[in-house]
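Protein chains in written order, with my numbering: chain A, 1 to 332; chain B, 1001 to 1126.
For the record, the hints were derived by calculation from the structure and aren't laboratory data. Take these hints with a grain of salt, some might be off.
As the list claims (entries may be wrong) - Just so you have them, the derived chain A footprint on chain B, three or more residues with Cβ under 8 Å:
id, stretch
1, 1052–1063
2, 1072–1082
3, 1094–1100
4, 1108–1117
Said to hold, decoys possible - Straight line, CA to CA, 25 Å or less: simulated DSS-like cross-link-like pairs of lysine-lysine:
id, chain 1, residue 1, chain 2, residue 2
5, A, K165, A, K229
6, A, K107, B, K1006
7, B, K1006, A, K230
Predicted model only: the values in this text are computed from it and were never measured. Even for Gly, the Cβ is constructed at its ideal location relative to N, Cα and C.
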Amino acid sequence: MSTTVITAEAEGKTWSGGNEPLRASYGKMMMWFFILSDALTFSGFLAAYGFSRFKFIEEWPIADEVFTHVPFFHGNYPMIYVAFMTFILIMSSVTMVLAVDAGHHLKQQKVAVYMFLTIIGGAIFVGSQGWEWATFIKGDYGAVQTKGGNILQFGEYVTVDGEQKFKRVAIADFVTASATERTKHERKNGLWFTDEGTLPEYQMKDVVKGLEANSNILVRNQIIDKEGKKTVLTREASIEAIKNNGKRTVHGANLEMNEYGSPLFADFFFFITGFHGFHVFSGVVINIIIFFNVILGTYERRKNYEMVEKVGLYWHFVDLVWVFVFTFFYLV
Amino acid sequence: MAHEHKLAIFRGLVKFKSNTQKIWGVLIFLSIVTAVEVVLGIYKPEVLEAQILGMKGLNWIFIILTLVKAYYITWDFMHMRDEVPALRRAVVWTAIFLICYLIFILLQEGGYVFDVYKDGFIKRDF
């Protein structure tokens, strides 16, 4: 691995990249240092996530309640889909090493096949991440945001197997929207050319009416109790909390509001998984370029498949980052 | 080129005959670790919920298993095991040192801000 086409001319020299104290070609070493700097970027993001989480340690959303969906299946399956995504990415990492290994044995066909499988794995992963985003943005139960920016969610106690359990109830199930007297402000009507986002589906008075009419519905706030569950308020406290503090209903998540809890959770989710997804996407693009080079026989003529190894390093790094994102967003 | 791979993992406990075999072996190991993480994440055993060093025992397990996975991805998939020690140290220790620093600073300050919100007469529960 020590000599490549590029460094062969500089052999025996002290300068111009000669000597190679690290026994790695220029390109590979620079890929390593790029990865190092990128790793620091990602750890900066994850540490910032940790900062915000420690700041709101008693009210951070519980990931198991946020990411519970699996495509084509109904019901509550926390973790399953992310575990599948993790496995896909590790698998595509394996096909990548196998491509590098085949490259060392100068087997063009095998390199091409493994590169192709790697690209497919990457594409499945990016697609899954897109789906995960779409589900998160859409939300499921809806919640009420208070004047102080906190989130109040709804649910009821049900008995499952002789055990009292708190089951979430969607706002749409107990609230009927009354005709709204407020019209959406549009650009053409204002003095300033600003408009507003879509009006919430329900007004606060509808929510209060619905809550008073259904005596089984309770409100749950963000505070995590000793058992690691969110605090459920009593019936009286529920009505009071909604009446006094409720500001608007939210459904799903975006950069300024999040039905699952602190908006910061959504911000960091979009930013970190987005940045990682962008890495996967660019990794797939680079993989495709290298794949075509393999097919065209560029490296076969060069008698050296180091480019596959370099892009492989990048691809494994993407996998490596995901392992950490998986832990800190979904497990911890 | 292909004959420089170090084929033993777990400090020589498991030796593989070829690089390809080692790759599959590492895959199996990583899959087992991920499966353990997922199962623990779904069932969350009561025993592991106890606080150890300011964090749930379960969270420590997750973080340690993640570092184990990171080690094998870097060492075997990224071939760090086959590089010279100088390159390995230049990359790995730089990252470890700076990341530990970052984590310490930010988590420390996050805890401080939490205390300010909690005890600093700032009303947030409305």
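Now for the hints, and whether the structure bears them out:
1. 1052–1063: It holds, with 3 qualifying residues against the three required.
2. 1072–1082: holds (count 7)
3. 1094–1100: Since three or more residues must qualify, the claim that chain A covers the stretch 1094–1100 of chain B holds, with 4 doing so at under 8 Å.
4. 1108–1117: holds (count 6)
5. A:K165 to A:K229: 11 Å, holds
6. A:K107 to B:K1006: Status holds; Cα separation ~21 Å.
7. B:K1006 to A:K230: 50 Å, violated
The structure is inconsistent with hint 7 alone, although it conforms to all the rest.
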